[in-house]
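Asks: Heads up: the sequence lines are chains A and B, in that order. Under this note's numbering, read the first sequence as residues 1 to 498, first letter to last. Under this note's numbering, read the second sequence as residues 1 to 498, first letter to last.
None of these hints come from the bench; they were simulated from the model. There could be a bad hint or two in this list.
Chain copies aren't distinguished; within one or between two, either way the pair holds.
To be verified - Below 30 angstroms or equal to it, Euclidean Cα-Cα: the simulated BS3-like pairs (lysine-lysine) are:
id: 1; residue 1: K373; residue 2: K310
id: 2; residue 1: K310; residue 2: K361
id: 3; residue 1: K256; residue 2: K383
id: 4; residue 1: K428; residue 2: K383
id: 5; residue 1: K69; residue 2: K411
id: 6; residue 1: K361; residue 2: K373
id: 7; residue 1: K49; residue 2: K492
id: 8; residue 1: K383; residue 2: K411
id: 9; residue 1: K491; residue 2: K373
id: 10; residue 1: K53; residue 2: K383
id: 11; residue 1: K69; residue 2: K217
id: 12; residue 1: K53; residue 2: K373
id: 13; residue 1: K383; residue 2: K217
id: 14; residue 1: K443; residue 2: K491
id: 15; residue 1: K411; residue 2: K256
id: 16; residue 1: K217; residue 2: K53
id: 17; residue 1: K217; residue 2: K361
id: 18; residue 1: K69; residue 2: K428
id: 19; residue 1: K69; residue 2: K383
Number of protein chains: 2
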Amino acid sequence: MAQLARRPLLSSSTRCIVPSLTSRRSFHASPRWNLRTTEMSEKDLGDLKVSQKRLMEELQHSCKWGTGKRYGDGPNETGMSRLSLSDGDNYVRDWFVDTMRSLNCTTTIDAMGNIFAVRPGLRNDVPPTFAGSHLDTQPSGGRYDGILGVLAGMEMIRVLNDNWVETEFPVGVVNWTNEEGARFPLSMCASGVWAGATPIEEAYNLHSVIHDNATMKAELERIGYLGETPCSYEAMPMAAHFELHIEQGPILEAEKRKVGAVVGVQAYKWFTVQVTGRDAHTGTTPLENRADALLASARMMQHAHRAATKYGARASTGILTLEPGSTNTIPGSVRFSLDVRAPSDEIVAQVEEHCREAFTKIGAHEGVQLEGKAYDYTEGGTKGLPCGVEWTVDSVSPAVNFHPDCITCVKESAAGLFGASEVGTLTKDMVSGAGHDSVHASKRCPTSMIFVPCRNGVSHNPEEYATDEDCAIGAQVLTGAVVRYDRLRAKKEPNLRV
Amino acid sequence: MAQLARRPLLSSSTRCIVPSLTSRRSFHASPRWNLRTTEMSEKDLGDLKVSQKRLMEELQHSCKWGTGKRYGDGPNETGMSRLSLSDGDNYVRDWFVDTMRSLNCTTTIDAMGNIFAVRPGLRNDVPPTFAGSHLDTQPSGGRYDGILGVLAGMEMIRVLNDNWVETEFPVGVVNWTNEEGARFPLSMCASGVWAGATPIEEAYNLHSVIHDNATMKAELERIGYLGETPCSYEAMPMAAHFELHIEQGPILEAEKRKVGAVVGVQAYKWFTVQVTGRDAHTGTTPLENRADALLASARMMQHAHRAATKYGARASTGILTLEPGSTNTIPGSVRFSLDVRAPSDEIVAQVEEHCREAFTKIGAHEGVQLEGKAYDYTEGGTKGLPCGVEWTVDSVSPAVNFHPDCITCVKESAAGLFGASEVGTLTKDMVSGAGHDSVHASKRCPTSMIFVPCRNGVSHNPEEYATDEDCAIGAQVLTGAVVRYDRLRAKKEPNLRV
């Protein structure tokens, strides 16, 4: 970080390319310099600089709709509460559409309210390369999750305009509807419909779980975003999808890195585990006569953690409910969630298989073997009566591998920014722990993501924060990746060139 | 049990002493035979037989007020829901008072609605020896907890009447108000006021937590049980207090014993433990970056169980709540109850002291020593970030030792019933795990309790059940103990005799 402090990655002159928002030049209003992406040198690519100042001013400006909880005294020290298809979401959508049109993009709204803004290329009868994310937030969310990805796409278009860049093929920015699933309870909702993973009627019939009971279709209609273009990868095909996002985890910050080249998304499987013992009086029931469902559950949760450690996975319990719930009654019934994640489906399956067998044994007060190591959870304690264990599978999300071409474009863009000597220490290949619209996009087009650090790894929280410099670095890498992908398409399919 | 089946402990002829409830003889209406307790032989004492049939008919009859949830097809296969000072409680109180008066007892109602029914002795200017318990139940309670103790006292009076027994001193039956603390949230409520442990204004101002918000005083007034006699051990002194109760635990049943001679009540201390980590996304947060308050709590609960095992105590968690409570969020905050019980205050203190130190270490991912044995809960797992631990003491109840004189009377009564050869296998000295009105009574007069087995140790449940035979055995031992105590008083203080 000391190096970075001495030599800003984005030179201060960068911020002066565009003196003010009002004096920006428009691509179509100016004579073309014919700076085709396929004819740009490495130096030309390096000269395509985003404006940190403009990016952050626009980002903070967009957060005036749907502002959330204040956590500090600074002008931007509030979170966001911009639920999907709320009035706040309506305003920011209108602003997004108007701005993109002013930047000479065509805009299309599909039947799920997804907004596609496209800047023409030299040839326009082929799908655009998209950058994008989502403008909706959690009810108690922050200013970066999703928002940065869309705003960085807008900045990318501005950089192309400012520099009179001619892409071979169209380039666009997409705002996906209801990524959070916070108001209408299905996350990555409209990208799922676009990819054909979710039937549109299922999405339309989702009822708001916050404020009112309105359906998603009714709310799309109310705010004027029920578009006529079908929501599908066939009606609105993409050549590729790039998404810039805050990491939502602590790794980049901890390792003092600036960019994560996201190579895929973890597999995960969600379970509910029901442990059944017998209610009994805490005072009158000797330890050996107890079928203590909570003690058994405590041992299971600890064992799931050990299994996750052993197999290189993550296992977590976020919900636990018990009955009957009285200080002097041993709980006869405990239900807990189990969230297992790993880079591959095989590892998730391995953890599941092991835990299913181990939990049954733990419930029966038997010892457990984990890769040759024996664990006896009753050691030093008292063996009680057995507890039953039942599993329910709530959700399955297989691992996603992003496209090598997209990953390569991201890495080359980062190398162009950081230089060959520093790119190794400042970037890292990462697997996303959370789901994003890119998961669905990746089923229908080459896709990858770019992560930037966020403070303490905190997200879905008003205090979610990424530095202006890190946001700009992310937008810079995104812009470079999209331009490089445009060059790559032309190179791979020369017959497509004009 | 085979022995018992061959030779019923209560001969079948017993059940014929009183052909029907209507033809019973009343003590004062009949010529005295001058069968003074102090002049009774062991055989005379043995001839004082309770009627199992009458006891159980009366008990089931009393359960027609405040009947609860049905669990089987039999006529008595319902639980009880007779909340303190409810209409059901009002009816059963009226019946109790009327019945005791018909048995030639005087009845006194004190300012907390406690009902004292007294059968005169030869000398009546000294306090009576009482048997008793409570007629109120849990909202989802059974037909035995408390009810058996009062009904057995009524049967005792009938046995004394039937056999023209003259006690040296008065003998009574007490029904204590709101023992359960289920409607007005303070258990052993009115015996606590009687003993001076609870200020009466505190009890009066308790608000109903079920159905309505009425205060205890208002409800006493409404049902006509706000008596004029002050509620205190001074206004209504007791020479002794004997209480028959179902065990509410599994020990007697498991060991095929019939009677527990209760020598005291466990000490207990209730705590709330607050464990504070940090909310984080389950997908994006590596195991080593987590301050997982639930995993830490799981380890703490397991350690409390180990400490209880080591020190001969009981440790239990009956309530656990967590925040924020979402499958994909690691809980940053967990609160759990910890109920520690042991036969002595010293052992409770030992478990507390050990756990306070151990929980702090577990929260910090450090190893713990328990009596020379090392436990490392992070072994085979991943050390994460530390969690903070805070303790709150919610309730303290020191150990109670019942009075040797009362315990001796119970044991001698059991020996008289079972015979010297079987008393050892059929009875057991026990420490009560639960609190009872006898806890408060014991502070102001010699006290002990008698336990009888209940099915599966289940209590506070509609299916709570004790066999008719076991109930009658309990009533028999109670009657014998009260008569023996009357003899003991006369022997110990000969100047009190008429």
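Asks: Each hint needs a verdict: does it hold in this structure or not?
Replies: Taking the hints in turn, this is what the structure says about them:
1. K373 with K310: Both: 10 angstroms inside a copy, 25 angstroms across copies.
2. K310 with K361: both (19 angstroms within a copy, 23 angstroms between copies)
3. K256 with K383: between (48 angstroms within a copy, 21 angstroms between copies)
4. K428 with K383: between (48 angstroms within a copy, 23 angstroms between copies)
5. K69 with K411: For K69 and K411, the Cα distance exceeds 30 angstroms both inside one copy (36 angstroms) and across copies (68 angstroms).
6. K361 with K373: both (15 angstroms within a copy, 24 angstroms between copies)
7. K49 with K492: Close inside one copy (26 angstroms), not across copies (104 angstroms); limit 30 angstroms.
8. K383 with K411: Neither way: K383 and K411 sit 56 angstroms apart in one copy and 32 angstroms across, limit 30 angstroms.
9. K491 with K373: neither (54 angstroms within a copy, 68 angstroms between copies)
10. K53 with K383: neither (65 angstroms within a copy, 41 angstroms between copies)
11. K69 with K217: Answer is within: at 28 angstroms inside a copy they meet the 30 angstroms cutoff, but 46 angstroms across does not.
12. K53 with K373: Neither, since 56 angstroms and 61 angstroms both go past 30 angstroms.
13. K383 with K217: Neither way: K383 and K217 sit 55 angstroms apart in one copy and 47 angstroms across, limit 30 angstroms.
14. K443 with K491: The answer is within: 23 angstroms in one copy meets 30 angstroms, while 94 angstroms across copies does not.
15. K411 with K256: Within one copy only: 17 angstroms inside, 76 angstroms across.
16. K217 with K53: Neither, since 38 angstroms and 70 angstroms both go past 30 angstroms.
17. K217 with K361: Cα proximity of K217 and K361: none, with 48 angstroms in one copy and 53 angstroms across.
18. K69 with K428: Close neither inside one copy (33 angstroms) nor across copies (63 angstroms); limit 30 angstroms.
19. K69 with K383: neither (49 angstroms within a copy, 33 angstroms between copies)
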